Amino acid sequence: MQHHTRTVVSVVCRIAICFCALFLMVGYLMVQPSAGDSKGAKRVSASSIQIEPTDPGDTPIPPDFRISIYENLIMQIEKTGKFQHVYRSGDKDAANAPDLVTLRTTAQSFTQGSQKKREVTTVMGATSLTLKVRITDHAGQTIVDRDVQGKVRFMGENLGATYDFSKKVAKIVRDTF
Amino acid sequence: MRMQNLIVDVPVATNSRRATRPRAWVRGLFLLLVGAPLMFSPVLAHGQAAATPSAAPSVVQTDVKLVMGGVTVKNNSLGTLSVVGSSLQFATAKTKVEVEASSILDISTNEDSRQDITGVAHLATAAIPYGGGRVLSLFSHKVDVLTVEFKDANGGYHGAVLVLPQGQAASFKKQLVAMGAKASHPLAEDAPANK
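Protein chains in written order, with my numbering: chain A, 1 to 177; chain B, 178 to 372.
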């Protein structure tokens, strides 16, 4: 009887180990393609980037939001560590950079929410902004052309949407360069 | 008799003139010495003001929050904003940042579309139990937001967002525009006059 129980336990253990191994295999295979993609994706090399001020276009985006987008972008792009130099618009030194890429943002839509509404209702008053993000190389060839949205939904200041936006742009930069 | 008197009087008069000549000369010299500095004193005062622009700030505001763009000053720092000489200065206890009025590309206030930006106050109210902070935050404190776009010595574009007590931003804008700062939107009080 005792021997029989031991056999059952050992069989169960073996099955459990097999399942674990199977899960690990499946997990590994699921992760592998994405890793392969990132390795296989064509990454652009550039030592410096210049960031242009946000073009409001026809969107009535307040100046504090425009400035906040710009300053947050500078900060987040610097944080990526992908470039030796992050130049501001108009910086004279950028002219000497050999493989300079330029980041331009154009406002597409803007909804200024309310911090009060967010805090009171937690569902209303979200601030949202969508901007077209274009990164071009020295010759003007487009490297990135995407619409990126920044939002602040529940808690936080309205300007938090610009932080969210710049974090997303920094991720695109990390994936591209 | 009259003639005699006259004859007598004339030398006396000439003598007295001779006697008073040195006195008048001394008086003139004295007046010149005392008067000349007084005459030139306003010119000197103006000259001093022009030579030392960092004399006395013309517009000062304490408890200003630099939300971002302070270059050497950390974001969300509290400090004193002032117009000193021909530049805008934001100073904290540790450091300061100065922007020349002539290097300001655009300056604007949000008098019309005010918004609540709560920093330390928000955290303080959030700490109140049973959602008391939320109730408190309904009593919004209205603020002025001053945005300054400027270029650095290398030509690089910068932007700074400052939060001031209500009704204080316009005076800074007015002062800086008078000193050569550019503003894409006219001053609030100038707008009706232009219409």
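Source of the hints: derived by calculation from the structure; they are not laboratory data. Careful: at least some of the hints might be erroneous.
Listed next, with one range per pair, are the computed distances between beta-carbon atoms [claimed, not checked]:
#1 Val236/B to Gln108/A: 35 to 41 angstroms
#2 Thr111/A to Ser361/B: 18 to 24 angstroms
#3 Arg14/A to Lys251/B: 56 to 62 angstroms
#4 Lys42/A to Pro342/B: 50 to 56 angstroms
#5 Asn96/A to Lys271/B: 32 to 38 angstroms
#6 Gln149/A to Asn253/B: 22 to 28 angstroms
#7 Gln343/B to Asn96/A: 44 to 50 angstroms
#8 Gly81/A to Lys251/B: 38 to 44 angstroms
#9 Asn253/B to Asp55/A: 24 to 30 angstroms
#10 Lys42/A to Thr239/B: 53 to 59 angstroms
#11 Asp58/A to Ser279/B: 37 to 43 angstroms
#12 Ser279/B to Ala95/A: 35 to 41 angstroms
In this text, all values refer to a predicted model and were calculated from it rather than measured experimentally. A virtual CB, placed ideally from N, CA and C, is assigned to each residue, including glycine.
So, going through the hints one by one against the coordinates:
1. Taking 35 to 41 angstroms as the suggested C-beta distance range, the pair Val236/B and Gln108/A conforms, at roughly 38 angstroms.
2. In this structure the hint that Thr111/A and Ser361/B lie 18 to 24 angstroms apart at CB holds, the actual value being about 23 angstroms.
3. Take Arg14/A and Lys251/B: their Cβ atoms lie about 60 angstroms apart, and the range 56 to 62 angstroms holds.
4. In this structure the supplied range 50 to 56 angstroms holds for Lys42/A paired with Pro342/B, their Cβ-Cβ distance being about 53 angstroms.
5. With their beta carbons about 34 angstroms apart, Asn96/A and Lys271/B fall inside the hinted range of 32 to 38 angstroms.
6. Separation of Gln149/A from Asn253/B is about 25 angstroms and conforms to the stated range, judged on CB atoms against 22 to 28 angstroms.
7. Taking 44 to 50 angstroms as the suggested C-beta distance range, the pair Gln343/B and Asn96/A conforms, at roughly 46 angstroms.
8. For the pair Gly81/A and Lys251/B, the supplied restraint of 38 to 44 angstroms is violated, since their beta-carbon distance comes to about 21 angstroms.
9. For the pair Asn253/B and Asp55/A, the supplied restraint of 24 to 30 angstroms holds, since their beta-carbon distance comes to about 27 angstroms.
10. Separation of Lys42/A from Thr239/B is about 54 angstroms and conforms to the stated range, judged on CB atoms against 53 to 59 angstroms.
11. Distance hint check: the CB atoms of Asp58/A and Ser279/B are about 31 angstroms apart, inconsistent with the given range 37 to 43 angstroms.
12. Ser279/B and Ala95/A have their C-beta atoms about 23 angstroms apart, which leaves the hinted 35 to 41 angstroms range violated.
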